[in-house]
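Chains A and B, in that order, are what the protein sequence lines are. Counting from 1 along the first sequence, just add 1 to a position and that's the residue number in this note's numbering. Counting from 1 along the second sequence, just add 1 to a position and that's the residue number in this note's numbering.
Simulated from the structure, these hints should not be mistaken for laboratory data. Virtual Cβ for every residue (Gly too), placed ideally from N, Cα, C. Among the hints, erroneous ones may be present.
Unchecked claim - If the Cβ cut is set under 8 Å, some of the chain B residues that face chain A in the computed set are:
1. Thr87
2. Ile223
3. Gly268
4. Tyr272
Said to hold, decoys possible - Example chain B residues on the side facing chain A (calculated, C-beta under 7 Å, incomplete):
5. Ala58
6. Ala64
7. Met79
8. Thr86
9. Leu90
Unchecked claim - Under the rule of at most 25 Å between Cα atoms (straight-line distance), these lysine-lysine pairs were calculated in the DSS-like manner:
10. Lys244/B <-> Lys105/A
11. Lys137/B <-> Lys105/A
12. Lys278/B <-> Lys69/B
13. Lys137/B <-> Lys152/B
14. Lys105/A <-> Lys152/B
The primary structure of each chain is shown beneath.
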Amino acid sequence: MANQTKFKDTDIEALIGWVLRIGVFVSMIVVFIGGVIYLSRHSTEHIDYHDFKGVPDFVHTLPGIFHGILAGRGRAIIQAGIILLIATPVVRIIFSAIGFIIEKDYLYVGITLLVLCIIITGMLTGHGG
Amino acid sequence: MSVLVLTLIILVGAYFAGLLGSLTGLGGGVVIIPLLTIGLGINIHYAIGASLVSVIATSSGSAAAYVKEGITNMRIGMFLEIATTTGALIGAMLSLVIHAPIIAVIFGVILIFSAIMSLRKKDTTVLQTESVWAEKLKLNGSYPTADGEVKYGVRKVGGGFVMMLFAGVISGLLGIGSGSLKVVAMDSIMRIPFKVSTTTSNFMIGVTAAASAVVYLQRGYIDPALAMPVVIGVLLGALTGSKILVKSTSSGWLRWVFAVIVTILAGQMIYNGLTGKI
Chain A
2 MANQTKFKDT
12 DIEALIGWVL
22 RIGVFVSMIV
32 VFIGGVIYLS
42 RHSTEHIDYH
52 DFKGVPDFVH
62 TLPGIFHGIL
72 AGRGRAIIQA
82 GIILLIATPV
92 VRIIFSAIGF
102 IIEKDYLYVG
112 ITLLVLCIII
122 TGMLTGHGG
Chain B
2 MSVLVLTLII
12 LVGAYFAGLL
22 GSLTGLGGGV
32 VIIPLLTIGL
42 GINIHYAIGA
52 SLVSVIATSS
62 GSAAAYVKEG
72 ITNMRIGMFL
82 EIATTTGALI
92 GAMLSLVIHA
102 PIIAVIFGVI
112 LIFSAIMSLR
122 KKDTTVLQTE
132 SVWAEKLKLN
142 GSYPTADGEV
152 KYGVRKVGGG
162 FVMMLFAGVI
172 SGLLGIGSGS
182 LKVVAMDSIM
192 RIPFKVSTTT
202 SNFMIGVTAA
212 ASAVVYLQRG
222 YIDPALAMPV
232 VIGVLLGALT
242 GSKILVKSTS
252 SGWLRWVFAV
262 IVTILAGQMI
272 YNGLTGKI
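In isolation and in its complexed conformation, chain A is listed as follows (with noise of 0.2 Å):
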């Protein structure tokens, strides 16, 4: 069976094509509802960002904007697609490091985790410096 690799290659390819279309899928539906909910409320509000401010709280925080998508709240909603979008590379390192370990190419399963390990140090640095 000299081709068992090659069809597991293209198995964990076809796999982690599906993870990437259906994240953007779902992102997008979601950033879509969000969006109709913030402009049927504010559409005439006038608004400015030639100064930098941040976000407000309820876009900001994973609490916030938890609490935000239960009272409703369109930008939060459109904040949780942002996420969801964000999330959707990395499990596709996820699954590229399950592809790794049924070849058992060890070597790249460790480059694969390496790649997750930066991505999750940003997470937990992004608020220091």
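Chain A is fixed; fit chain B onto it per the hints.
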């Protein structure tokens, strides 16, 4: 400007940015950032945040299609992602301390470089020699063509890695995919065949952008009300672009038109940066 008017203007602008970015292979970010900052007076940090989100959407969307065809080299992608994600974190941290006008000037310079790169002729020779490191890291591969599988070798792994680190820094600093820099690393330095380098670069862009996006999220760069029309518009534009690309045979004149537009935008970014208007 009212929320509705601003959202609609951004949505239409982002659509054309995504369309042009997809047709020329430069990505939507290079057009959307000048549009938001120079055109609509939006702070460059918000513009970068919104652009980066759209980069993840288009990269993941098209990577899904490429991966299926079996051209993408997952090992090269994964290995070089060590460099791009590290660079992206450094870039995202740097964007906190570098002043907005300087970011605008750097953006302009990278933009001009990307425009030149999009015009250059593609080298189609396939390298057969293999380096020790490429062998150790199992980077050499093959890809399907009309005449069957074509094997290729990879060289200068270290040089490519360093260039990728730089591409990551630029991506994290400017909120763009920096696909042109990634292609330089893979085409010119590592001599990976054009088809493989393009799809693999695209595959890596999403992960690179996600690394800096997690920092941007915590820093409040990503404003949902602004990112919403940008990401939807750019993605729809890119989808239209990929449909047109399949039908048309030659997009030579289009590359020239786009290169001119991008150079003008780049000049304005540099001018606005130098005069402190951004």
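Checked hints:
1. Thr87: Nearest chain A Cβ about 6 Å off; hint holds.
2. Ile223: Where the cut-off is 8 Å and the nearest Cβ of chain A is about 6 Å from Ile223/B, the hint holds.
3. Gly268: 22 Å, violated
4. Tyr272: Cβ of Tyr272/B sits 19 Å from chain A, so the hint is violated.
5. Ala58: This interface hint holds because 6 Å falls under the 7 Å limit.
6. Ala64: With a minimum Cβ separation of about 6 Å from chain A (threshold 7 Å), the hint on Ala64/B holds.
7. Met79: Holds: closest Cβ of chain A sits about 5 Å from Met79/B, inside 7 Å.
8. Thr86: 4 Å, holds
9. Leu90: At about 5 Å, which falls below the 7 Å cut-off, the nearest Cβ of chain A leaves the hint on Leu90/B intact, so it holds.
10. Lys244/B <-> Lys105/A: It is violated: about 38 Å lies between the C-alpha atoms, which goes past 25 Å.
11. Lys137/B <-> Lys105/A: Answer holds: Lys137/B to Lys105/A is near 16 Å, not above 25 Å.
12. Lys278/B <-> Lys69/B: Violated: Lys278/B and Lys69/B sit about 46 Å apart, past 25 Å.
13. Lys137/B <-> Lys152/B: Cα-Cα ~17 Å, so holds.
14. Lys105/A <-> Lys152/B: 23 Å, holds
Violated hints for the displayed structure, listed by number in ascending order: 3, 4, 10 and 12.
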